[in-house]
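All chains should be modelled from the sequences, with the hints used to inform the complete structure.
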Amino acid sequence: MVGRKPPDHKDEGAEAVSPAEQLVLVLDGFEGPLDMLLALGREQKVDLTKISILQLADQYLAFIAEARKVRLELAADYLVMAAWLAYLKSRLLIPEVEDEEPSGEDMAAALAFQLQRLEAMKGAAAQLFARPQLGVDRFARGAPEDLDILRKSVFQVTLYDLLKAYGEHKKRQEGGVLHIEPVRLYSLEDAVRRLSELLGRMPDWATLSSFLPDGVRGGLLTRSALAAHFAATLELAKAGRVELRQDGAFSPIYVRRASRRHEQGDEE
Amino acid sequence: MSGPDGMIQEIDNPEEVEQRLRDLRLLEALLFASADPLDEETLGRRLTRGADVRALLEELRVHYAARGVNLIRTGAGWSFRTAVDLAPLLRQEEEVSKKLSRAAIETLAIIAYHQPVTRAEIEAIRGVATSKGTLDILMENGWIRPGRRRETPGRPLTWITTDHFLDHFGLETLRDLPGVEDLRAAGLLDSRPVLLGIGGAGLEDAEPSENTDDSDT
Amino acid sequence: MSGPDGMIQEIDNPEEVEQRLRDLRLLEALLFASADPLDEETLGRRLTRGADVRALLEELRVHYAARGVNLIRTGAGWSFRTAVDLAPLLRQEEEVSKKLSRAAIETLAIIAYHQPVTRAEIEAIRGVATSKGTLDILMENGWIRPGRRRETPGRPLTWITTDHFLDHFGLETLRDLPGVEDLRAAGLLDSRPVLLGIGGAGLEDAEPSENTDDSDT
Chain A
1 MVGRKPPDHK
11 DEGAEAVSPA
21 EQLVLVLDGF
31 EGPLDMLLAL
41 GREQKVDLTK
51 ISILQLADQY
61 LAFIAEARKV
71 RLELAADYLV
81 MAAWLAYLKS
91 RLLIPEVEDE
101 EPSGEDMAAA
111 LAFQLQRLEA
121 MKGAAAQLFA
131 RPQLGVDRFA
141 RGAPEDLDIL
151 RKSVFQVTLY
161 DLLKAYGEHK
171 KRQEGGVLHI
181 EPVRLYSLED
191 AVRRLSELLG
201 RMPDWATLSS
211 FLPDGVRGGL
221 LTRSALAAHF
231 AATLELAKAG
241 RVELRQDGAF
251 SPIYVRRASR
261 RHEQGDEE
Chain B
269 MSGPDGMIQE
279 IDNPEEVEQR
289 LRDLRLLEAL
299 LFASADPLDE
309 ETLGRRLTRG
319 ADVRALLEEL
329 RVHYAARGVN
339 LIRTGAGWSF
349 RTAVDLAPLL
359 RQEEEVSKKL
369 SRAAIETLAI
379 IAYHQPVTRA
389 EIEAIRGVAT
399 SKGTLDILME
409 NGWIRPGRRR
419 ETPGRPLTWI
429 TTDHFLDHFG
439 LETLRDLPGV
449 EDLRAAGLLD
459 SRPVLLGIGG
469 AGLEDAEPSE
479 NTDDSDT
Chain C
486 MSGPDGMIQE
496 IDNPEEVEQR
506 LRDLRLLEAL
516 LFASADPLDE
526 ETLGRRLTRG
536 ADVRALLEEL
546 RVHYAARGVN
556 LIRTGAGWSF
566 RTAVDLAPLL
576 RQEEEVSKKL
586 SRAAIETLAI
596 IAYHQPVTRA
606 EIEAIRGVAT
616 SKGTLDILME
626 NGWIRPGRRR
636 ETPGRPLTWI
646 TTDHFLDHFG
656 LETLRDLPGV
666 EDLRAAGLLD
676 SRPVLLGIGG
686 AGLEDAEPSE
696 NTDDSDT
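Residue numbers (this note's numbering), protein chains in the order written: chain A, 1 to 268; chain B, 269 to 485; chain C, 486 to 702.
Don't read these hints as lab results, they were simulated from the structure.
Just to be clear, a hint being listed does not mean it is correct.
[Unchecked claim] The following label-pair restraints were derived from C-beta to C-beta distances: (1) C/P641 - A/A126: 53 to 61 Å; (2) C/A588 - A/E43: 51 to 59 Å; (3) C/V569 - B/R329: 19 to 27 Å; (4) C/A605 - A/T158: 45 to 53 Å; (5) A/F129 - B/T316: 40 to 48 Å.
The C-beta atom is built at its ideal place from N, Cα and C for all residues, glycine as well.
See the structure below:
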């Protein structure tokens, strides 16, 4: 499942940025997969009630495939949606069998309904905010005279104040017992073990980054994985098990198995 | 004004006329003085005993209908507000209102149209988890508040809009929400989650909200 | 221009009449919405070019003279004020609304969430001593009342909230108070320690921020 690329690919993102960036830009505009589906659906330029779910699924899957090609980190729900759509597609394409599962058509109809409902709410939101708003288009008395008309109780405390106070109290309380979330980092030991395993299968120079575990791209975990693997190569080079090469500052680091093979490992 | 001018139909005796006039002026002053809407009960307590608050308010409303300041009704309360058609002339130059996020705007619309609605339902409709701070902002603006708990497993909290929401958007009642009847007729105000696989959190409708929340951190 | 209605004295042409009416309405709205008195120069800048501000203001003043709200001129400018003769009727109870202290709000919240709760327990929860006045204030306002005595040594008094508490905060039952997890979800209780720039595998920096929030596992 490692799926390493053949070595010597300039995959360190130097060139590949622009499509990735584009995709990031696109993704940035969406409030989740359903929102994105809706936007794709609108491109079909048909009434949402007549939308082709099959076509929509294809568009979405193509987008996801593209995103993965440029190694774009996708939030889990985008992938869940992709899996679901792929399943839906298969249900739509394969003749229906009698079982208790909802039919492909039912599922497609349900999705279409969800898109319509989301669209309706977006429309409603737009209409709502197009209304003249207090303090923007319509104004209340600018200099209210304090007449104590409303105050049955003298103190002005709203439910919000009350909840906020309790929230802050709880926060302080929890602050007393500091819960530190476990930090998920890639350990040096793991990296050494992993590299040792992989080295045997690596005939020639390969970039360090191609050794990184799949599926942890982006974020702290990746950075720690990179750091751990780098440290591991130093460790292994010291042990005489690998050779390292770097052509210039900041350029990719290459690794290969040491040519003189005295595999007596741990001398540390 | 007061006094027996001895003409035209006076069913009322002079004293009543005077009282009515005083009540009208008092209503005007009360409503004018307050920045927030006042309900009929509160107003009634300040008037002559037995005064027909509603009728007096109607009279004022008609009087002010054509003027630069109108008497309008939102939710349970009445308030003076500048006339809507003057908005372009009054609008402040600086965009005062801090920009609300798209998530917040959509969430507010969903709460307004689907209320009472649980967070899980909101998430099912939007297809994404509600980020922290979204409901917070809406509540801080005084537009939403917690409603009753839903009597389903987990007893999730529901959210509803406030009277201030109506006031802010100049709505008399929730029935005046733009397009609400059409949406209802089209069946689009059904807030149940429809599909598995969409809007992860939306599926946990039946579950105690604790679960979704905890995973948030 | 428009129709020759052929009656009554029209010195003004219809367009002028309309303009004048609009200026009057605009004046009304401006004066109503302004927090401070406005001077004629400021007002003039908002009206139709060449409008006679003084004359228009005079007209408004006369119109409002007999009403519950008067247009008055003070040193700095013009403003609407409630009619002086109504003052005694307007201020019935001369109570100034005060802000409730933070300690009091917090104590009230703790009683609401933990009731029935003894004073010692409140102090244990808050971690500070409760001043005598705090509970008094809450009780005077009718938000809390003594509940049953706890059947433990010393039989301490417990405190519970009242129906008026529910009323004041617009709650139907105590069960409608949002739970701690609801608060957390709404963003009112973001208890993540500050040092968490690290940690939580969900912090992908490549992600659009909106998404990370939403999808935060």
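Outcome of the hint check:
no., hint, in the structure
1, C/P641 - A/A126: 53 to 61 Å, "holds (57 Å)"
2, C/A588 - A/E43: 51 to 59 Å, "holds (57 Å)"
3, C/V569 - B/R329: 19 to 27 Å, "holds (25 Å)"
4, C/A605 - A/T158: 45 to 53 Å, "violated (29 Å)"
5, A/F129 - B/T316: 40 to 48 Å, "holds (42 Å)"
Consistency note: the structure conflicts with earlier hint 4 alone.
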